[in-house]
Amino acid sequence: MTTAVADHHHDEVPKGITRWLFTTNHKDIGTLYLWFSFIMFLVGGAMALVIRAELFMPGLQVVNPHFYNQMVTVHALVMIFGAVMPGFVGFANWMLPMMVGAPDMALPRMNNWSFWLLPFATTLLIASLFVPGGGPAAGWTIYPPLSIQGGMGVDLTIFTIHILGMSSILGAINIIATILNMRAPGMTLMKMPLFVWTWVITAFLLIAAMPVLAGAVTMLLTDRHFGTAFFSAAGGGDPVMFQHIFWFFGHPEVYILILPAFGIISQVIPTFARKPLFGYSSMVFATAAIAFLSFIVWAHHMYTVGMPLSGELFFMYSTMLIAIPTGVKVFNWVATMWRGSMTFETPMLYAIATVALFTVGGLTGLMMAITPADFQYHDTYFIVAHFHYVIFCGSVLAMFSGVYYWLPKWTGHMYDETLGKVHFWLTVISFNITFFPQHFLGFAGMPRRIPDYSLQFAEFNMVSSIGGFILGFSQLILLWVVIKSIRGGKKATAEVWDNPEGLEWTVPSPAPYHTFATAPEVR
Amino acid sequence: MTERNVRKSNRRVTGWLSLWVVGMFGFGYALVPLYSVFCEITGLNGKSATLSEVSAAPLTIDKSRTVTVEFTVNVNGIPWRVDQPKTVRLNVHPGEATTVIYEAHSLVDAMTTGQAVPSVTPAKAARHFRKTECFCFTRQELVGGESKLMPVTFVVDPKLPAEVKTITLSYEVYPANDNLTNNS
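Chains as they are written, first to last, in this note's numbering: chain A, 1 to 523; chain B, 1 to 184.
Take the hints with a grain of salt, since some may be wrong.
Below, in silico cross-link-like pairs of lysine to any residue (SDA-like), each with a Cα-Cα straight-line distance of 25 Å or less [stated by the list, open to error]: (1) B:Lys86 to B:Val100; (2) B:Lys124 to A:Gly235; (3) B:Lys124 to A:Gly236; (4) B:Lys165 to A:Thr304; (5) B:Lys165 to A:Gly311; (6) B:Lys148 to A:Gly236; (7) B:Lys8 to A:Phe204; (8) B:Lys124 to A:Phe375; (9) B:Lys124 to A:Ser310; (10) B:Lys124 to A:Ala373; (11) B:Lys124 to B:Asp62; (12) B:Lys124 to A:Gly311; (13) B:Lys8 to A:Thr24.
No wet-lab data here; the hints were simulated from the structure.
Every value quoted in this text rests on a predicted model; they were computed, and no experiment measured them.
Working from the sequences, and respecting the hints, build out all of it.
Written as structure tokens, this is what we have:
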């Protein structure tokens with residue numbers, strides 16, 4: 001299986017399209033993942049702008065309600081399964097082998113396959129918008145009965161989820177095998193960089209959670225076409241059961257989206273604070289604790305379905321428990337910065353923004369964990385604001401941080417620092433203009449997933465839409481920065497930053513096509 | 001590790017993890033019966049149907065207490081009109097058997113088969129609401145234009161929690177053909 005590793009001591013890079021189609025090189029596959037993720041980020045972002053354009057004013061102006069619902073659904077699916085998850089797998093492919101001193105991923109051919117499943121899956125999803133009846137319109141959670149009643153767009157979505165699930169399961173198996181088997185001599189588990197740690201835990205979450213989702217959507221499919229009645233009330237099935245199974249996947253999924261982000265900023269902050277990470281082992285255990293807790297809190301997404309009091313209390317307390325390991329992490333990041341000689345290059349700015357704004361999202365999460373309070377917040381814009389604070393400010397800002405941090409290592413050129421800072425400030429300010437008012441809208445009772453709203457919500461929605469458009473178009477700056485850095489610029493040294501820690505900084509920039517053909521010695 | 005050893009342990013890890021994946025896929029399906037059992041034990045989701053048989057010992061009638069039972073019905077996707085009982089709200093004593101009659105009318109000429117799915121609210125009353133005879137136990141067939149009386153006999157268990165003053169019995173009537181849910 002590992003033929004690619006065998007006798008390639010030369011540094012010959014294959015040419016043309018076949019390089020990308022047949023590649024088994026972890027760096028090439030990482031690059032493919034990252035570009036794919038960025039394209040999906042723009043596609044999903046365009047859908048978000050359709051939503052914000054419709055919500056700019058009360059009344060229906062831009063799209064009809066059914067198409068609006070499709071946009072809400074497909075935006076979420078594209079962003080979660082197309083942008084954030086593949087983005088982190090891209091980072092994993094590029095960085096994990098270099099961080100643990102391995103020549104490549106453990107299963108390079110499977111690696112190729114798990115990437116090339118993605119474009120087909122998302123093509124199916126986008127194509128669903130053009131079939132009779134349109135795409136899925138039941139929200140990304142595809143709750144029955146709505147998802148049982150939808151047209152063939154729902155079937156395409158189900159197949160999309162199957163293929164994407166397969167892709168991320170294969171990716172996860174590969175990552176675990178790499179980390180368990182391919183570490184350089186001397187790289188013990190408790191010496192691994194934190195990004196490696198967070199990814200191995202994420203990979204375990206993936207293989208435990210994704211098959212459950214695959215099962216749930218398969219049941220949905222057989223309910224739709226083969227006369228079973230898992231969720232269809234007409235045959236004695238139970239739609240609420242779908243919510244339980246879905247969120248049994250869905251809550252670990254939230255941590256699949258955030259744990260690698262924690263890993264990235266745990267690499268970035270020590271570099272720019274010029275201090276080792278504070279509380280390394282507590283970080284590892286906090287990550288594992290979050291992963292464990294993620295499997296016993298699912299029903300806090302569905303407090304209003306009618307659970308017994310004891311159930312609501314259990315899920316309330318276990319959810320609040322997550323604040324403890326998460327708090328440990330935030331404390332450690334702040335303690336790492338404490339009295340460090342900090343400088344504020346773009347990666348560090350993004351890392352600090354991640355810590356600050358993710359904490360805002362974490363706090364609103366704690367508010368929603370309180371069952372009686374959640375009855376008011378449920379299905380309002382407060383929820384929308386909350387999960388954009390955690391997923392955009394947690395996952396996406398951390399990815400931006402990682403991109404700026406490792407870009408010189410990938411391209412061999414320093415990025416344009418001024419442009420990077422412009423991108424940072426535009427993104428962070430416009431993000432808050434977009435999503436902070438949504439907290440107030442949600443408190444005031446504006447429901448989510450509805451294309452129209454009453455007049456008292458008009459001002460905040462207009463502000464939010466203006467922010468949304470600035471946020472969307474600011475992302476083109478990132479594209480420009482990346483292309484500029486690929487084409488040229490100041491040569492990057494091997495270390496790039498001021499004495500950073502990690503094996504990836506011991507290889508030249510740009511990283512040669514094959515690294516660590518002989519394993520480095522880790523002391 | 002030598003290359004051969006690495007390959008071997010890669011294969012082993014892949015094997016174990018694949019097994020785990022298959023197991024979790026199965027676990028997703030196992031949640032269905034687990035959930036069903038859980039709901040029957042706790043009476044969640046108004047699932048009272050399978051607990052409805054009157055226990056061997058007849059219940060003693062609790063004259064000191066009165067519970068209001070409300071009846072409602074919805075028709076979903078079948079060309080029927082179903083009327084709720086003439087008295088939509090009834091005061092009963094716990095332990096006493098009561099019969100009410102729903103009436104179904106077929107609105108088309110062809111023969112149609114329907115299945116009623118009951119639900120009891122509040123959820124904590126569900127397992128104390130016992131149906132001894134119900135049109136929801138079997139499929140109901142109506143020939144074209146026919147009307148049919150559909151009785152249901154129930155007993156409210158005296159063990160019903162004291163705070164429950166009102167119980168709502170709701171039916172949803174669906175077409176009961178073999179491919180129930182195919183909407184195409």
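Evaluated hints:
1. Taking the CA atoms of Lys86 of chain B and Val100 of chain B, the gap is about 8 Å. The hint holds against a cut of 25 Å.
2. Distance hint between Lys124 of chain B and Gly235 of chain A is fulfilled; the C-alpha atoms sit about 24 Å from each other, no more than 25 Å.
3. For the proposed pair Lys124 of chain B and Gly236 of chain A, the alpha carbon gap of about 20 Å is at most 25 Å, so the pair holds.
4. With a C-alpha separation of about 22 Å, the suggested pair Lys165 of chain B and Thr304 of chain A falls inside the 25 Å cut-off, and the hint holds.
5. Using a Cα cut-off of 25 Å, the hinted pair Lys165 of chain B and Gly311 of chain A holds, with the two alpha carbons roughly 23 Å apart.
6. For the hint pairing Lys148 of chain B with Gly236 of chain A, the CA-to-CA distance comes to about 23 Å; that is within 25 Å, so the pair holds.
7. For the proposed pair Lys8 of chain B and Phe204 of chain A, the alpha carbon gap of about 21 Å is at most 25 Å, so the pair holds.
8. Between the alpha carbons of Lys124 of chain B and Phe375 of chain A the distance comes to roughly 20 Å, so the proposed pair stays at or under 25 Å and holds.
9. Distance restraint check for Lys124 of chain B and Ser310 of chain A: the Cα-Cα separation of roughly 12 Å lies within the 25 Å cut-off, and the hinted pair is therefore satisfied.
10. Proximity of Lys124 of chain B to Ala373 of chain A is assessed by CA-CA distance (about 23 Å); at most 25 Å being required, the pair is judged to hold.
11. As the CA atoms of Lys124 of chain B and Asp62 of chain B are separated by approximately 19 Å, the hinted pair is consistent with the 25 Å bound.
12. The straight-line distance between the Cα atoms of Lys124 of chain B and Gly311 of chain A is roughly 13 Å, inside the 25 Å bound, and the hint therefore holds.
13. With a CA separation close to 19 Å, the supplied pair Lys8 of chain B and Thr24 of chain A stays within the 25 Å bound.
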